[in-house]
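Residue numbers (our numbering): 1 to 276.
Just so you know, these hints were derived from the structure itself, not from any lab. Just so you know, these numbers come straight off a predicted model, no measurement behind them. Hints may contain errors.
[To be verified] Here are the computed lysine-lysine pairs in the BS3-like style, where the Cα-Cα straight-line distance is at most 30 Å:
1) Lys13 / Lys98
2) Lys139 / Lys183
3) Lys108 / Lys118
4) Lys98 / Lys108
5) Lys139 / Lys108
6) Lys106 / Lys66
7) Lys66 / Lys36
8) Lys98 / Lys183
9) Lys66 / Lys108
10) Lys139 / Lys118
11) Lys139 / Lys36
12) Lys98 / Lys36
13) Lys183 / Lys13
14) Lys98 / Lys139
15) Lys36 / Lys108
16) Lys66 / Lys183
17) Lys276 / Lys183
18) Lys13 / Lys66
19) Lys106 / Lys139
20) Lys118 / Lys98
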Amino acid sequence: MEVRHTTNPTDVKQYTTERLRSEFLIESLFVQDQIKMTYSHYDRMVIGGAVPVNEALELEDAATLKTEYFLERREVGFLNIGGPASISVDGETYELNKLDVLYVGKGKRQVLLSSLDKQNPAKLYFCSALAHAEIATRKMTMEEANPLHLGSQETSNERVLYKYIHADGIQSCQLMLGVTSLKSGSVWNTMPSHVHDRRMEAYLYFDMNDDARVFHMMGEPSETRHLVVANDQAIISPPWSIHSGVGTSNYTFCWSMAGENYTFTDMDAVPASELK
């Protein structure tokens with residue numbers, strides 16, 4: 001597991017493009033028959049990806065977490081963005097189609113990730129946060145998620161936000177997770193921008209063409225920066241940073257949050273006129 005430490009917003013003002021990417025961009029998450037993970041010291045979130053093909057992959061990394069098993073003190077949410085998947089949780093099996101989500105709570109000892117079709121393997125993205133209580137495992141399909149229609153064609157940000165893990169959906173200790181899909185012809189997400197100083201956030205951009213890119217905006221409102229992001233790449237967004245983006249075409253992204261506040265609407269808006 002790769003470990004990323006927290007950064008000071010004052011220092012980030014001096015970062016080169018290469019340094020900015022090394023701190024906040026996760027470029028390689030999905031490798032056949034591997035689980036790839038990044039441990040962020042922002043709210044201790046683990047961001048990972050798995051592509052099981054020839055064998056089941058077990059969620060584990062005792063060397064980094066220093067625990068007997070992965071979910072000893074953690075919870076995790078899985079989003080399938082590939083072919084049909086199978087996830088075994090202490091012997092109970094859950095099947096996930098594309099854009100289905102599975103929440104697994106603290107205390108589950110063995111989690112095995114598999115594909116149901118080797119010719120069309122699963123592609124499992126997951127985020128894990130610290131947990132203080134045991135909460136039941138639960139699956140949710142995209143059809144069952146709570147859709148929120150936002151934006152408009154006039155502002156190039158017509159999109160649908162699907163909320164899976166949140167206070168009124170799948171229950172968790174602190175993890176929140178959802179998916180936002182932009183309509184054809186729309187390219188902006190989360191504009192006007194905002195920050196939420198009580199929570200960090202992770203973004204996964206996916207369902208993009210190979211030559212498409214998203215310009216992910218970050219930094220303090222008075223000192224913005226950007227990262228150029230390709231398909232299936234993820235972003236670590238610090239609590240002090242805005243998080244917004246614009247693509248060369250429409251795209252889909254998974255957002256997940258962890259931190260002190262569990263209220264979905266806890267955010268401080270930043271008018272575009274204040275961005276620099």
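For each hint, the structure was consulted:
As the CA atoms of Lys13 and Lys98 are separated by approximately 39 Å, the hinted pair breaks the 30 Å bound. Annotation: proposed proximity of Lys139 to Lys183 holds, straight-line Cα distance about 26 Å (limit 30 Å). Between the alpha carbons of Lys108 and Lys118 the distance comes to roughly 27 Å, so the proposed pair stays at or under 30 Å and holds. At roughly 24 Å between alpha-carbon atoms, Lys98 and Lys108 fall within 30 Å of each other, so this suggested pair holds.
Between Lys139 and Lys108 the CA atoms are separated by roughly 15 Å; this keeps the pair inside 30 Å, and the hint holds. At roughly 15 Å between alpha-carbon atoms, Lys106 and Lys66 fall within 30 Å of each other, so this suggested pair holds. Restraint check for Lys66 and Lys36: the C-alpha separation of about 18 Å stays at or below 30 Å, so the hint holds. Distance restraint check for Lys98 and Lys183: the Cα-Cα separation of roughly 18 Å lies within the 30 Å cut-off, and the hinted pair is therefore satisfied.
With a C-alpha separation of about 16 Å, the suggested pairing of Lys66 with Lys108 holds against the 30 Å cut-off. The straight-line distance between the Cα atoms of Lys139 and Lys118 is roughly 23 Å, inside the 30 Å bound, and the hint therefore holds. Distance restraint check for Lys139 and Lys36: the Cα-Cα separation of roughly 23 Å lies within the 30 Å cut-off, and the hinted pair is therefore satisfied. Annotation: proposed proximity of Lys98 to Lys36 holds, straight-line Cα distance about 20 Å (limit 30 Å).
Pair hint Lys183 plus Lys13 does not hold up; C-alpha atoms about 34 Å apart against a cutoff of 30 Å. Distance restraint check for Lys98 and Lys139: the Cα-Cα separation of roughly 13 Å lies within the 30 Å cut-off, and the hinted pair is therefore satisfied. With a C-alpha separation of about 20 Å, the suggested pairing of Lys36 with Lys108 holds against the 30 Å cut-off. A hinted pair counts as satisfied when its Cα atoms are at most 30 Å apart, and Lys66 with Lys183 does not qualify at roughly 43 Å.
Straight-line distance between C-alpha atoms of Lys276 and Lys183 comes to about 28 Å, which keeps the hinted pair within the 30 Å bound. At most 30 Å may separate the alpha-carbon atoms for a hinted pair to count; Lys13 and Lys66 exceed this at roughly 34 Å. Only pairs whose Cα atoms come within 30 Å are accepted, and Lys106 paired with Lys139 is accepted, the gap being roughly 15 Å. Restraint check for Lys118 and Lys98: satisfied, since their Cα atoms lie roughly 15 Å apart, inside the 30 Å limit.
Comparing the model with each earlier hint shows violations of hints 1, 13, 16, 18; every other hint is respected.
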